[in-house]
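Trainee: Use these hints to put chains D, Z and G onto chain H, whose structure you have.
If you read the sequences in order, they're chains H, D, Z and G.
Taking the working numbering, the leading residue of the first sequence gets 991, the next gets one more, and so forth.
Taking the working numbering, the leading residue of the second sequence gets 991, the next gets one more, and so forth.
Taking the working numbering, the leading residue of the third sequence gets 991, the next gets one more, and so forth.
Taking the working numbering, the leading residue of the fourth sequence gets 991, the next gets one more, and so forth.
Every clue listed holds true.
No copy labels: a pair is met if it fits in one copy or bridges any two.
Here are the simulated PhoX-like pairs of lysine-lysine, each with C-alpha atoms no more than 20 Å apart in a straight line: (1) Lys1177 <-> Lys1192; (2) Lys1201 <-> Lys1124; (3) Lys1192 <-> Lys1124.
Quick caveat, the hints were computed from the structure, so don't treat them as lab data.
So the chains spell out like this:
4 protein chains.
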Amino acid sequence: MSDLDQALRDLVIANRVLANEGVVDAYGHVSVRHPRNPDRYFMSCSRSPELVTAKDIMQFHLDGTAIGGDARLPYVERHIHGAIYERRPEINAAVHSHAEDVLPFGIVTTPLQPVIHSGGFMGHRAPIWDIRDKFGETNLLVTNMEQGRDLASALGPERVALMRGHGFAAAGFSLADVVRLAVYLPKNARVLLHALRLGAFKPLSAGEIEKRIAISPSGMETARAWEYWATRAGCASLMAKPKRTPAKRGGAHRRASRR
Amino acid sequence: MSDLDQALRDLVIANRVLANEGVVDAYGHVSVRHPRNPDRYFMSCSRSPELVTAKDIMQFHLDGTAIGGDARLPYVERHIHGAIYERRPEINAAVHSHAEDVLPFGIVTTPLQPVIHSGGFMGHRAPIWDIRDKFGETNLLVTNMEQGRDLASALGPERVALMRGHGFAAAGFSLADVVRLAVYLPKNARVLLHALRLGAFKPLSAGEIEKRIAISPSGMETARAWEYWATRAGCASLMAKPKRTPAKRGGAHRRASRR
Amino acid sequence: MSDLDQALRDLVIANRVLANEGVVDAYGHVSVRHPRNPDRYFMSCSRSPELVTAKDIMQFHLDGTAIGGDARLPYVERHIHGAIYERRPEINAAVHSHAEDVLPFGIVTTPLQPVIHSGGFMGHRAPIWDIRDKFGETNLLVTNMEQGRDLASALGPERVALMRGHGFAAAGFSLADVVRLAVYLPKNARVLLHALRLGAFKPLSAGEIEKRIAISPSGMETARAWEYWATRAGCASLMAKPKRTPAKRGGAHRRASRR
Amino acid sequence: MSDLDQALRDLVIANRVLANEGVVDAYGHVSVRHPRNPDRYFMSCSRSPELVTAKDIMQFHLDGTAIGGDARLPYVERHIHGAIYERRPEINAAVHSHAEDVLPFGIVTTPLQPVIHSGGFMGHRAPIWDIRDKFGETNLLVTNMEQGRDLASALGPERVALMRGHGFAAAGFSLADVVRLAVYLPKNARVLLHALRLGAFKPLSAGEIEKRIAISPSGMETARAWEYWATRAGCASLMAKPKRTPAKRGGAHRRASRR
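Here chain H stands alone, though its shape is the one from the complex:
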């Protein structure tokens, strides 16, 4: 299977995992940059992530124009993704979500910050972008590239931007990276909400956050989670064949060592 085919399969897995883990519901989406052409990205047509299959994937220019005259309806808010890819060449995957427990931090002054090790993936800080600041009273949706670029600008060099009264945008080096970030961001938010009510608390230090992000999303620790999430979401058959298979399933040496 080509790297491109696997990228498309991984995008389907990412859609289903984010839905199954409660990060997205009827709304929210995930995209991946084209692995061979950095000026394009892949994303589902306008369907809820839980229902996305390989047939639903469309291809876009970074400005949100569909490639090849694809006439299907795209997500209105795809510009969140294109604008991030445009501004951040090192970013290859993005998620937009309305995950409930992150939402309070988008409307208050208390900052969302990492307090658990799996929350470290969010990075040092999550700037809040308020669409009203520059675009006035809207329905809060990011409907064009100008708005998308303003959001990407607020995101700056960070990994997560909170969108006031709406949700968040997350940027990762790969699908596995952005999915682990998006899955654990709401968990970190819940722990922080509890801790804030108990008084002073000890967050992750800057060095700890750096060392968390440095854990390779293509390493074994993330592969274990990817297998788990994909299996739970009913997508195990779409996963790339792991290179470790022969050793993993064991043989005579393993059975002999059992006692």
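Mentor: Chains D, Z and G alone, transformed into the frame defined by chain H:
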């Protein structure tokens, strides 16, 4: 299929979706105004929404009398619906729910208000109606048209009325409209409950609320959610055939554009 | 089917419903007084409620002795039930549960009280019984009739007693009555927990509570919930045949009235 | 079946139960000391607990070296387990978890303590171990025996140690013991979080905690829970045959005693 048949199917879908999304449990109900005769409405007989099928749908005059001598037991509280239809000609669908996270706002003075974009569907404010004010000590159920009309009067021009110690009544332009409102109202309540504990917070502005409600419930954004909710609730086969089907499932042009 | 056979079936349903609705987990139990012999009661042998089948039901004297030399292991805490039946002749069914959201109210001074209409079934107040007061330091389990009677004495004429650091005991006129009470007690507790953080709140009045309890647990409103809970728990086939069936499933008159 | 075979089966059950009850997710693990060789322990290779089968079990020296040249990838953090077995000869099973509701207590000064009877299994106190104190800024993972031993030292004679910003390590006399502890620790944490907001609360006394831990994890009370958890996790077929079977499933004497 006639518009009437589809309205009845949509009513079954709405019942099952509201149950599956946790908006109603053993109790709670949803109704739709007759699409050809505004003096009548459809609603299930007395069954829990998760169990409702097309066979359970009854037809009522606005005063709650069953049409055609239908002898089945109706919901005791159907008058919530009839009274809203009577007072509000522009309203075509209604929900009554005891959704847990909305309930606190019915017994305190802190107002429920939209703080997230999907909460904007609730409108500007949700007046609290206390049955005790006019009817004294009851079992809190709305059991006749007089009580229903008093509730509808408290609702006034709004989209949601909180019922003290009991639940809420929601009014929409269509089933899709009132379902999206009812699904996201508890989510908005939860985010607000968290935000209230974190200090000052930024709610949606009046203009933003207007623009949220203006998003057509028959447009693609809501159609995506309806497909998702219906599929999750096991009702995909009851959905109206989407007009977008041919384009959506793609053909040669799409496959060609994939790389 | 005899009333006795149906009582045993209903007891199985009650076990499975309480498990499925999250009121009990590995622990907790429900019993019913013998419908023909008030000096006896039925209860499962020592199994988790979700796994209980008709074969697991044992019969006990009120003092907790198994009838007929039944050698199976009973619940250690069956004395909670026997002592309540002994003291309260009008009570025919009892539940003991560790439902999580009720537990905080057993260790603090803030009283648990009805704030939502479905919470009205708990009655006016829930006295707290602390096993330590009379029996010193124990493992908190009610292991003999002396402890059971002390608990029943603390319950007095109420419908729910909180057991400090342990759970609650609930008493009802029938299985349907005590199940609806036990299902909605945690919901009422959660709403109260939220309301307490929002400031002053309006509870149910004494008259409203009386009118809630007066809603017959054998009437249609509770039958609707019983059907729903049993169906969700996979026990629909164990339900008593409803007398309303012919009318309910409709005939020509109903189909004719549809439009 | 040998005691060794059953130990391995029980380890699979423990993995699946902890996943199914929400104690572990993609991450977290459980181990058991070798029943015949106290210098060794069993643990899955690097897989998420929900996916673990008998084939995944590896055997380790206490220093974390795989036995018999097993080349499969082990959990990076297996040293948490080996170090506890090394220091605590009476401990035969261990769990490492990131259970969400326990996490707040690892970053604040409010102590986690037992407030419900099932929480008594955690013991008198849960010391907090901060990896940063001795090892500086890390990715918070316990990646070698030196770190594992420091954690085991902080645990001391207790049953649970909280790991700052990361999770907890729990130690039990057997798999059943440590599983019941790990399942109820998050529940105890949630009840405590609620109680702390309600004001003064009454925790378990020292004597009560002792009496809770004294409840034999191989007795009937825990066997009931083990059967329930294993059945829910789809592992009923892996359970040891209960000795009570003949009596339990009843015979003529039981059927006769039914009325």
